[in-house]
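Peer 1: Each chain is listed here by its residues.
Protein chains: 2
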Amino acid sequence: MYIPTFQNVIDAHERIAPHVHRTPVLTSSYLNDLTGAELFFKCENFQKAGAFKARGASNAVFGLSDDQAAKGVATHSSGNHGLSLSYAAGRRGIPCNVVMPRTAPQAKKDAVRGYGGRIVECEPSTSSREAVFAEVLAETGAEFVHPYNDPRVIAGQATCSRELNDQVEGLDDVVAPIGGGGMISGTCLTLSTLAPGVRIFAAEPKQADDAARSFRAGHIIADDAPETVADGLKVPLKELTWHFVQKHVADILTAEEDEIVDAMKTIWKRMKIVMEPSSAVPLATILKNKDVFRGRRVGVIVTGGNVDLDRLPWMQG
Amino acid sequence: MYIPTFQNVIDAHERIAPHVHRTPVLTSSYLNDLTGAELFFKCENFQKAGAFKARGASNAVFGLSDDQAAKGVATHSSGNHGLSLSYAAGRRGIPCNVVMPRTAPQAKKDAVRGYGGRIVECEPSTSSREAVFAEVLAETGAEFVHPYNDPRVIAGQATCSRELNDQVEGLDDVVAPIGGGGMISGTCLTLSTLAPGVRIFAAEPKQADDAARSFRAGHIIADDAPETVADGLKVPLKELTWHFVQKHVADILTAEEDEIVDAMKTIWKRMKIVMEPSSAVPLATILKNKDVFRGRRVGVIVTGGNVDLDRLPWMQG
Chain A
1 MYIPTFQNVI
11 DAHERIAPHV
21 HRTPVLTSSY
31 LNDLTGAELF
41 FKCENFQKAG
51 AFKARGASNA
61 VFGLSDDQAA
71 KGVATHSSGN
81 HGLSLSYAAG
91 RRGIPCNVVM
101 PRTAPQAKKD
111 AVRGYGGRIV
121 ECEPSTSSRE
131 AVFAEVLAET
141 GAEFVHPYND
151 PRVIAGQATC
161 SRELNDQVEG
171 LDDVVAPIGG
181 GGMISGTCLT
191 LSTLAPGVRI
201 FAAEPKQADD
211 AARSFRAGHI
221 IADDAPETVA
231 DGLKVPLKEL
241 TWHFVQKHVA
251 DILTAEEDEI
261 VDAMKTIWKR
271 MKIVMEPSSA
281 VPLATILKNK
291 DVFRGRRVGV
301 IVTGGNVDLD
311 RLPWMQG
Chain B
1 MYIPTFQNVI
11 DAHERIAPHV
21 HRTPVLTSSY
31 LNDLTGAELF
41 FKCENFQKAG
51 AFKARGASNA
61 VFGLSDDQAA
71 KGVATHSSGN
81 HGLSLSYAAG
91 RRGIPCNVVM
101 PRTAPQAKKD
111 AVRGYGGRIV
121 ECEPSTSSRE
131 AVFAEVLAET
141 GAEFVHPYND
151 PRVIAGQATC
161 SRELNDQVEG
171 LDDVVAPIGG
181 GGMISGTCLT
191 LSTLAPGVRI
201 FAAEPKQADD
211 AARSFRAGHI
221 IADDAPETVA
231 DGLKVPLKEL
241 TWHFVQKHVA
251 DILTAEEDEI
261 VDAMKTIWKR
271 MKIVMEPSSA
281 VPLATILKNK
291 DVFRGRRVGV
301 IVTGGNVDLD
311 RLPWMQG
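Top line first, the protein sequences correspond to chains A and B. Residues 1 to 317 (our numbering) are what the first sequence spells out, left to right. Residues 1 to 317 (our numbering) are what the second sequence spells out, left to right.
These are calculated hints, taken from the structure and not from any lab test. Computed from a predicted model, the values in this text were never measured in an experiment. Glycine included, every Cβ here is placed at the ideal spot set by N, Cα and C.
Non-contacting residues of chain B with respect to chain A, defined by C-beta distances greater than 12 Å in every case (computed):
#: 1; residue: 65
#: 2; residue: 133
#: 3; residue: 165
Only some residues are given here: those of chain B computed to face chain A with a beta carbon under 7 Å:
#: 4; residue: 45
#: 5; residue: 46
#: 6; residue: 268
#: 7; residue: 269
#: 8; residue: 272
#: 9; residue: 274
#: 10; residue: 305
#: 11; residue: 309
Excised from the complex, chain A in its bound form:
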């Protein structure tokens, strides 16, 4: 297992700069009043392909040799990594194969195809995804770019908190959603070098709290096909992300489904930005744990904005 270093982050940042946005940081006086903290929202919903995953995917794709690249890339993904890899492969002009659950939002499938990716559908479970994916790899000879358990991907995601640390002076805490742990691992990698005093919190849906249980147990616990509105956060930790989580994360906080939907709607209403349910989990946990963050300067990673506008969660029930 290769553990990426901060030099890998610097290299990644230079490599991906032509292909991704330096996203803005937004604030909301309403949400500051509501939480008692100063929140700085790093808006990766404005990122290319609509999510931070364009960073890691671009680092992997543009780091390939020409020979490797000619055979294309492949991945399995509940959504944003698949379309980000399609985006990056499209920029380089190489093929991209994406194994996705047949239940993934239509908006995400359309977006993958819109960037030129080929979708191969599987059942919505980790076990089915891995089986179908093995067939795709054997058939194409494509380079596997894992959604998060890949040092190239983590070094790419790590560029996000490097920008945040430049954009906001004197951060006390950073809160990011955790699914497989790619964003959190990148955040740990960057901040443990640049700002080791910053506390890093992971935020997770209670209904898919395998990372929180892993954190307390001291070893990886994986669930098969948990159900949550935060559909980007269903996947389990792997050894590389577990390395960063157990070493650098201060705590993993959880929120209930209705709390996530309320936080999402509040952000849309007051900040006027479109973001997906996964991205609302940090605010939901901050609102539940005001004493942890009161009076502090808190970076919040808004991880993505790819949501099916015809199926908004507060309009279904």
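Given chain A, put chain B in place with the hints provided.
Peer 2: Chain B alone, transformed into the frame defined by chain A:
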């Protein structure tokens, strides 16, 4: 009739700076490809109180003498001006009375009350609004701040295009929605001084096209209670806004209801910003008139983001 000057705009900008945001300009490579133009979206949906109207309202409120201010302010408004005036009055700590149609979106009523404004309801027609409003003025002695036919308001709105002109080099055109014409008049006032070569287009719903018909007829035509999804654009021109429209506007373009809703959804989906139907009318007209804008650098005023998230227009039909 006092016609505001560019010196009034400079004074307004200094007066309102502590109370409003210098909003960002966003771009979208997807929308540039789709239109064949380079679009620069001036995001007043991120403005205080969620709309550009905070500029004009703040200029009016903070320009009052202490004696005038003590009696408070009053207005009639289909929504955003009412809540912006409530916002500005709240910042100064004076009373604000708002006459609103009973059919106005609940989100806008809640927002007015949230800023401390008092709502007096009327029927959804210009005639009813004016009758109820006369009673309110007589009762309170408050200072009337008209939503648009007021030189203080127009000078305030004019600060928006002053920022846009600073933020984007070499603008060829600006497109803004037109209802009563306050934003368009402010745009004319600023650009006729700072960048007289820039073409100014007004964008209007076909179902509330009184401004377009006025423009062709050469005199003001007013409709009573037109119906359109772009609920901020139902009001007619008045003499002060007509002055600027007939003098400086290149053309008034119109769009159908479904074109407005499609443009709105496209902006939400691709730009990840929440904006209201009125703000989508410019893009709807650009998409209908690609030859007019092809290859040009076009500023687009995103006028506001106050939308009822429980009643999105693409989910009602």
